[in-house]
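These protein sequence lines are chains A and B, in that order.
Using the working numbering, read the first sequence as starting at 540 and increasing by one per residue.
Using the working numbering, read the second sequence as starting at 27 and increasing by one per residue.
Hints were generated in silico from the structure; no laboratory data involved.
Careful, some of the hints might be misleading.
To be verified - Derived DSSO-like pairs: lysine-lysine, alpha-carbon spacing no greater than 30 Å straight-line: (1) B:K209 <-> A:K801; (2) B:K152 <-> B:K209; (3) A:K558 <-> B:K79; (4) B:K344 <-> A:K801.
As the list claims (entries may be wrong) - Some chain A residues flagged as far from chain B (calculated, every beta-carbon gap over 12 Å): (5) D581; (6) F659; (7) I703; (8) F712; (9) W715; (10) P730; (11) S736; (12) L748; (13) E782; (14) G787; (15) L788; (16) A792; (17) A796; (18) G797; (19) G828.
Quick reminder that beta carbons are idealized off the backbone N, C-alpha and C, glycines included.
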Amino acid sequence: MKNLFNKLGERLNRVSSMKLTLLAVLSALIVGAFIIIFSDVDNLKNGDILGAISTVGSAYWALVVGSFGSLRAISNTINSSTPLILCGVSVAIAFKAGLFNIGATGQMLAGGMTALWVGFAMDGPGIIQVPLAILAGAIGGAVFGAIPGVLKARTGAHEVITTIMLNNMAAFFILWLLKTDLFQREDRTDPISKLVSAQGRLPRLFGFLDGRSDLVAHIGFIVAIGAVVAYWWFLKKTTTGFEFRAYGLNADAATYAGMHVKRLTVLSMVFAGGFAGLAGAAEVLGTYGYASTNFAGNIGFDAIAIALLGQSSPLGTMFAAILFGALQAGGRQMQTNSDVPIDLIIVLRALIVMFIAAPLLIKTIWRTKSAHVSAGQTFRGWGS
Amino acid sequence: MKLELRGITKRFPGVVANDNVNLSLNTGEVLSLIGENGAGKSTLMSVLYGMYKPDEGQIVIDGTELVFTSPADAIAAGIGMVHQHFMLVPVFTVAENVVLGVEPTGTLGKLNIDEARRMVREISDKYNLDLDPDAVIEDLPVGVQQRVEIVKVLLRDAKVVVFDEPTAVLTPSEIIEFFEIVKTLVSAGRGVVFITHKLKEALNIADRIAVLRRGKVVGEVDPKTATESHIAEMMVGRPVQLTVEKNSAEAGDVVLKVTDLTVLDADGRTHVEKVSFEVHAGEIVGIAGVQGNGQTELVEALTGLRKATSGVIALDGKDLTHSNPRERHQMGMAHIPEDRQRQGLVGGLSVAENLVLTRYHDDQFSHGVIVEWDAADAMAETLIGEYDIRTPNKETGVGTLSGGNQQKVIVARELSRDLRLTIAAQPTRGVDVGSIEYIHSRIVKERDAGTAVLIVSTELEEVMALSDRLLVMYRGKVVAELDPKKVTPMEVGLYMAGSRPDSAVTA
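This is chain A alone, in the form it adopts within the complex (with noise of 0.2 Å):
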């Protein structure tokens, strides 16, 4: 009897952080209700409080509309979620070893580019190409990624400074590609690559509806789902996913176990590398079905916020990610609909992260008492 008290205890625990997120979505959903009122200068020039305040309702109405209202905002959705899911995991994988890892984009970039020449050199059924396709992808982060891991490993250099390097080094050596021979497009001047042949496409998730071309959600999101699910088994039931929580939770206790942390150094910038290969991949043989110097986007840094919302956690990673591509969908829809423009959506994003990462706020604010609060995974600090 006193264990079923102690075991639901903890389940109350773990379900108060989890509370504690949703009320920190919560709070950022008020105040850019706020950011909106004042925004709304015609309304409030004629003294018209209601007015304003029924733009916050058609605003966040179209919000919900635009990201989950019909299948086409569903798709949408999908489709902007799939590159925040892998990047997501891949920015959550390295903190769990302890590791901050800020080049999603540059292995993004490394990914979608090894990706891209499977995708147009070779000529094999789409059964064949695509899979081999992504598993390219996957590589070429990897091998990206391994780059600050070793940096790491012998030298000590630390991941962030490497990591960032590595980024402007990824986006200036794209821009070269882009120019080869190798990967530019025949008739083209300007930095954009070959066309993926049709069958190296990533299929489309809603293909088999006719005559819905608007529906752009492919595959990628399956694999995006696969990763979270391979993140979850790789944590709960392997040895090295069990070194690196032990690692990120205490590397001189993990040292002290025997563990080889230099190999799980590089082990972890590896993994999170192939997954930001992963979105790579998906964005350049699913969305775009071409490579341009900027198809990695803002993603590897949306990433992080996303990997600190969910906690680290492969749901709440996942979650997180939809929850951002779905304001990323909704987004576009309110800016159509309501004069908000779409740009509230990263001021809505940045006070998410804000809320989370002050926990005590947002408990002042509810006046919630909630035995524990996790502040999330982080990262050691420097120098270790």
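Start from chain A and add chain B according to the hints.
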């Protein structure tokens, strides 16, 4: 001045750290606050020092109720605190450290260092502290650093000085000096609160002893009439065995042989210098020494966590000087590390996960890359019962357990397999009396089963009680090999301080 704590209650989620605590202290007396780890001593003092706000109760000084919102309020009210871990800037001089925060300044805020020097000298002379205001902190021994902390408190005109486990870092002779200082403070009309878990010291210095158990004051005793075992019983709530029961050792073959081991750190400083010794099967060899004399580095070199610069470490005749920790582990070496929070456990993982922390890769617990959590959980259930680990269940985060139970997790993990050599560093540091008793009996049992045991401890009493042979380390060298049955703690203390009893002036 009369300081009173009236009905102090401080709750944390899930625990009542202080439960209706009433205490009073007059200046000119020493009140010893004694209790096990987790009894609520530190919380109570944090309340007194303005770091925690009590949920109920009042702090009353000379009949006036005061509310402290920060340590600054407490200092202003005449309360000073000497923390267990000193709050000093290592590269500053004594004078600079002492005035930090209350600097005497001249025009345009220029630091008047001469005035600071004078203030230090004045207080130092008044209380016989013998401090050089221009000495740099990092060059000073721990005992002197503690005196700097005392000057800091006195400069801020503390009427009541709280010492949090002040003797933990001191040598036996420094402890005697410290007690002299306490007596001077008291005779100069200050009040002293002396927090400790060492019964002998409380009996030695206190005018009154308040015993705390599970957040409550379970009684106040008079040190003139109380006995150690009586106080221990009050602390734990049941009669406890204070001495280690063991038969004489039956030493067998040499298991660990260390030859000319030298350990330098990355900066080239020598921590262990040409140390040679042997540990036989079935005997306990103890290493005594003041903290920071190379014991930590010696243990790290023996367990593979630190590179040996030169020398040979052999286990059962096999050279393992260059083996990694896991290889040593698999050769039958167990390691109970000195800092369980930092090294021995992963606080964020569960009890069960910590119990397999060094063994998850064994065939017993894993199949290829897959961990057999069922096997690990089954073992956890067994060990929790066998080693009497008090935990809600095996999934509980190990970081939430008490110090004693955390240590039992480590002891269970390390001793529950076939061993040739057990290395235990500070095996009972910060562990409650009840658990100390248990851990000691486990270590003796391990010896009787024919394992070679090496105990490293800065608690002289512990190492003398457990060991069959005693080595003393001073500045990286083994300076003495003694028979613990034939020497007194005072003699060992002299070796620990670097002097030889025969050449020392008899005190």
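Hint by hint, here is what the structure shows:
A hinted pair counts as satisfied when its Cα atoms are at most 30 Å apart, and K209 (chain B) with K801 (chain A) does not qualify at roughly 53 Å. A C-alpha spacing of about 13 Å is found between K152 (chain B) and K209 (chain B), which places the hinted pair at or below 30 Å, so the restraint holds. For a cut-off of 30 Å, the pair hint linking K558 (chain A) to K79 (chain B) stands: about 27 Å separates their Cα positions. About 27 Å separates the Cα atoms of K344 (chain B) and K801 (chain A), which keeps this hinted pair within 30 Å; it holds.
The Cβ of D581 (chain A) sits about 47 Å from the closest Cβ of chain B, beyond the 12 Å cut-off, so the non-interface label holds. Non-interface call for F659 (chain A) relative to chain B: holds, since the shortest CB-CB distance, roughly 36 Å, exceeds 12 Å. Non-interface call for I703 (chain A) relative to chain B: holds, since the shortest CB-CB distance, roughly 28 Å, exceeds 12 Å. Consistency note on F712 (chain A): stated as away from chain B, and its beta-carbon is indeed over 12 Å from all of that chain's, at 34 Å minimum.
A cut-off of 12 Å between C-beta atoms confirms that W715 (chain A) is not in contact with chain B; the least separation is 39 Å. Even its closest Cβ contact with chain B, about 42 Å, leaves P730 (chain A) beyond 12 Å, as expected for a residue assigned away from the interface. Residue-level check passed: S736 (chain A) sits 36 Å from the nearest beta carbon of chain B, beyond 12 Å. With a closest Cβ-Cβ approach of about 40 Å to chain B, L748 (chain A) is found to remain outside the 12 Å limit, as its non-interface label requires.
Under the 12 Å C-beta cut-off, the non-interface status given to E782 (chain A) relative to chain B is violated; the minimum distance is some 8 Å. Once the 12 Å rule is applied to beta carbons, G787 (chain A) is inconsistent with being away from chain B; the minimum gap is 9 Å. Here L788 (chain A) does not stay apart from chain B, with its beta-carbon only about 4 Å from theirs, under the 12 Å limit. At the 12 Å boundary, the C-beta of A792 (chain A) falls inside the reach of chain B, the nearest C-beta of that chain being 5 Å off.
Interface exclusion of A796 (chain A) from chain B breaks down, the closest Cβ pair being 5 Å apart, not more than 12 Å. The Cβ of G797 (chain A) sits about 3 Å from the closest Cβ of chain B, inside the 12 Å cut-off, so the non-interface label is violated. At the 12 Å boundary, the C-beta of G828 (chain A) stays outside the reach of chain B, the nearest C-beta of that chain being 37 Å off.
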